[in-house]
Amino acid sequence: MANTVIQGWQKKKIYAIANALGFTDRNDKENDILHMIVHSQTGKLSIRELTSYEANMIIAYLEKQQNHSIHDVMSQGQKKKCWQLMYELQSLDAVPNPAPVGMRLAGIIERQFNVKSTPHRVFNHLSKEDGNRLIEILKNYIHSAERKYMN
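For the sequence shown, the numbering used here begins at 64 and goes up steadily by one.
Don't read these hints as lab results, they were simulated from the structure.
Taking lysine-lysine and the BS3-like style, the derived pairs with C-alpha atoms no more than 27 Å apart in a straight line are:
| no. | residue 1 | residue 2 |
| --- | --- | --- |
| 1 | K179 | K76 |
| 2 | K107 | K75 |
| 3 | K179 | K144 |
| 4 | K179 | K127 |
| 5 | K127 | K92 |
| 6 | K144 | K211 |
| 7 | K76 | K92 |
The task is simple: from the sequences and hints, build the whole structure.
Shown next as structure tokens:
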């Protein structure tokens with residue numbers, strides 16, 4: 064059973080859960096979050112390449128992501144504070160940065176937390192604890208920008 068090819072129902076289940084989580088991107092199917100998960104878990108680049116066993120591993124991982132408690136995610140207050148800090152950081156740019164604030168925030172989250180982040184789903188993979196860390200990171204960016212601004 065471990066070496067059998069992925070079954071049709073397994074593909075459908077993987078895509079259904081991934082769609083519900085916002086892990087798929089119709090415009091960039093090869094680089095969406097789902098395919099990054101598949102590659103990191105199995106080393107394979109395509110869902111079609113998975114064995115039945117690997118597909119079950121991916122399904123279990125996605126179901127675990129789906130069942131995250133609502134209490135574990137960042138609060139609205141934390142999200143609001145992050146946006147406030149990002150706009151403050153933008154106001155301190157010595158040279159105007161053409162990147163939108165959402166893209167900049169997504170980049171910071173990707174670098175600091177090693178999770179895929181997009182401007183449309185910026186805080187998707189962050190817990191309340193991560194939210195507190197992100198706020199402190201942004202405050203440090205602001206302090207650094209203020210020091211540069213003063214000089």
